[in-house]
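Asker: Produce the entire structure from the sequences given, and follow the hints as far as they go.
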Amino acid sequence: MIGSRPGRPEMRKKRCAWPMRILLATCVLPLLGVQSASGQDEVNLSVQARVSPRIPIAFKPFVPLDGTAFAATVQDTVNQVLMRDLSFSGVFAVRDLSIPARVGTDEDAPVLTGSAGDTTYVFMDAAGEVDLELLRKLSVQVMVSGTYEVTGSRVEISLRLTDLGTRRTIMEKGYAAFDLTLRRIVHLMADDIVFQLTGDRGTAQTRVVFVSQRSGAPELYISDYDGFNLRQLTRDGARKYSPNWSPDGTRIAYTSYRDGPHELYILDLQSGETRKVPFGGKTVLSPRWSPAGRHLILSLVTEGVSRLYISTLDGSRLVPLATGYGINVSPSWSPRGDQVVYMSDRLTQKHLYVINIDGSNDHRITFEGGYNGSPAWSPRGDRIAFVGGDLATGRRGGPRRVFNIYTCDVNGSNLVKLTGVRGPEGDNVNPTWSPDGLHILFSSDRARKGTYHIYRMSWNGGDVHPVVTEGNNRQPSWGPRPE
Numbered sequence: 137m138i139g140s141r142p143g144r145p146e147m148r149k150k151r152c153a154w155p156m157r158i159l160l161a162t163c164v165l166p167l168l169g170v171q172s173a174s175g176q177d178e179v180n181l182s183v184q185a186r187v188s189p190r191i192p193i194a195f196k197p198f199v200p201l202d203g204t205a206f207a208a209t210v211q212d213t214v215n216q217v218l219m220r221d222l223s224f225s226g227v228f229a230v231r232d233l234s235i236p237a238r239v240g241t242d243e244d245a246p247v248l249t250g251s252a253g254d255t256t257y258v259f260m261d262a263a264g265e266v267d268l269e270l271l272r273k274l275s276v277q278v279m280v281s282g283t284y285e286v287t288g289s290r291v292e293i294s295l296r297l298t299d300l301g302t303r304r305t306i307m308e309k310g311y312a313a314f315d316l317t318l319r320r321i322v323h324l325m326a327d328d329i330v331f332q333l334t335g336d337r338g339t340a341q342t343r344v345v346f347v348s349q350r351s352g353a354p355e356l357y358i359s360d361y362d363g364f365n366l367r368q369l370t371r372d373g374a375r376k377y378s379p380n381w382s383p384d385g386t387r388i389a390y391t392s393y394r395d396g397p398h399e400l401y402i403l404d405l406q407s408g409e410t411r412k413v414p415f416g417g418k419t420v421l422s423p424r425w426s427p428a429g430r431h432l433i434l435s436l437v438t439e440g441v442s443r444l445y446i447s448t449l450d451g452s453r454l455v456p457l458a459t460g461y462g463i464n465v466s467p468s469w470s471p472r473g474d475q476v477v478y479m480s481d482r483l484t485q486k487h488l489y490v491i492n493i494d495g496s497n498d499h500r501i502t503f504e505g506g507y508n509g510s511p512a513w514s515p516r517g518d519r520i521a522f523v524g525g526d527l528a529t530g531r532r533g534g535p536r537r538v539f540n541i542y543t544c545d546v547n548g549s550n551l552v553k554l555t556g557v558r559g560p561e562g563d564n565v566n567p568t569w570s571p572d573g574l575h576i577l578f579s580s581d582r583a584r585k586g587t588y589h590i591y592r593m594s595w596n597g598g599d600v601h602p603v604v605t606e607g608n609n610r611q612p613s614w615g616p617r618p619e
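Positions 137 to 619 (this note's numbering) are the ones given, in order, by the sequence shown.
All the given hints hold, so there is nothing to weed out.
Here are the simulated lysine-lysine pairs, BS3-like style, with alpha carbons at most 30 angstroms apart:
id: 1; residue 1: LYS309; residue 2: LYS196
id: 2; residue 1: LYS196; residue 2: LYS273
id: 3; residue 1: LYS585; residue 2: LYS553
id: 4; residue 1: LYS309; residue 2: LYS273
Note that these hints are calculated values from the structure, not bench results.
Answerer: See the structure below:
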């Protein structure tokens with residue numbers, strides 16, 4: 137079904153021991169403020185996390201532990217980052233209890249049926265006491281709250297999840313951080329909340345690697361998923377392309393002109409060492425790690441023809457995959473590692489093909505348009521994101537291609553356009569999925585022609601947010617969840 141929620145991941149972690157259960161009315165009824173009827177069917181929150189609308193969750197801002205000092209920077213970081221992470225999860229509609237709700241002024245704000253005028257509903261008084269009955273009337277059944285204590289550069293945080301129906305504590309956990317690690321610890325807290333309430337691992341702790349020219353030369357950088365904690369990885373000044381995370385998050389494969397055109401390198405993030413993988417001087421394009429992390433699939437160019445190969449990590453053994461005439465590039469593994477999607481121009485135009493890793497069942501899956509490339513297979517296994525080139529009129533009146541991001545089922549059906557839907561938004565390229573398959577990072581020059589920034593959107597094209605905007609930034613690769 138076009139526009140339906142992504143399917144379940146190919147591989148799922150074991151669910152948490154305490155499955156949070158909520159009433160069906162929480163998700164299928166508008167926030168009308170009516171009490172749920174007794175005996176209503178109950179469903180697991182992890183199931184509801186897969187359907188719209190999002191589940192309302194109350195957020196009581198963190199405050200200093202009784203008798204300890206107020207620290208504005210710490211408090212703002214904890215509250216802002218945690219609320220942002222929970223909203224980003226795609227599971228929750230976060231209600232900040234410190235902000236009153238006024239009828240008719242915020243379509244996302246909870247309102248009571250039968251109310252009129254501009255009545256304001258205050259969830260929390262000046263003393264910090266929460267109106268639990270009001271929240272229950274609004275079908276909000278979970279509240280996040282906590283405290284912090286600062287001692288020098290050390291921050292101790294206490295997190296609590298409360299079941300508003302029973303007023304019992306679902307989860308209570310302590311965290312310790314220092315100034316430089318505070319954001320990382322808050323990301324961990326968000327992922328713990330997601331796991332506790334859904335049984336699924338969150339993605340707030342993930343990182344992104346990309347190519348940036350902010351320092352002049354194109355170098356590799358990494359950041360948190362939200363663009364913070366930016367760090368430069370390479371400094372050799374050579375052109376770089378196609379960075380790709382290893383499944384365990386410890387290494388990055390990429391190509392570079394450091395010692396010759398488009399040679400393959402593997403950067404070890406723990407040691408900082410970079411190793412060149414030799415291929416006899418052949419040009420290497422678009423390396424991608426296998427899901428198990430034991431092989432790379434890549435394209436080798438010989439006499440103008442690029443062919444796909446599966447390679448050992450040291451390049452000592454190559455197994456040919458797609459070796460037909462023309463360009464065969466931009467491979468992406470299926471989550472199971474048994475198939476690969478890639479771009480080929482074997483029939484003149486550039487289209488997407490899927491092939492089994494034993495070389496069988498090589499077949500075309502896209503037929504619309506004259507350019508379809510940069511495929512990325514969703515971690516959930518059900519969709520493929522890619523770049524489609526749409527013909528448009530250029531500045532001088534001639535035809536030009538405008539690039540936008542699409543998704544389709546793995547057989548090419550149910551095509552959905554994600555960018556450029558409401559009008560021109562520049563060129564949008566380099567899609568990469570979040571580990572949970574609910575978000576896509578991409579590069580776009582929508583803000584300024586020719587200057588690319590990195591943006592994030594949901595799986596269906598909504599909730600577009602800039603992530604990295606300083607300098608020219610392209611070719612993002614979304615890293616795995618930390619082990």
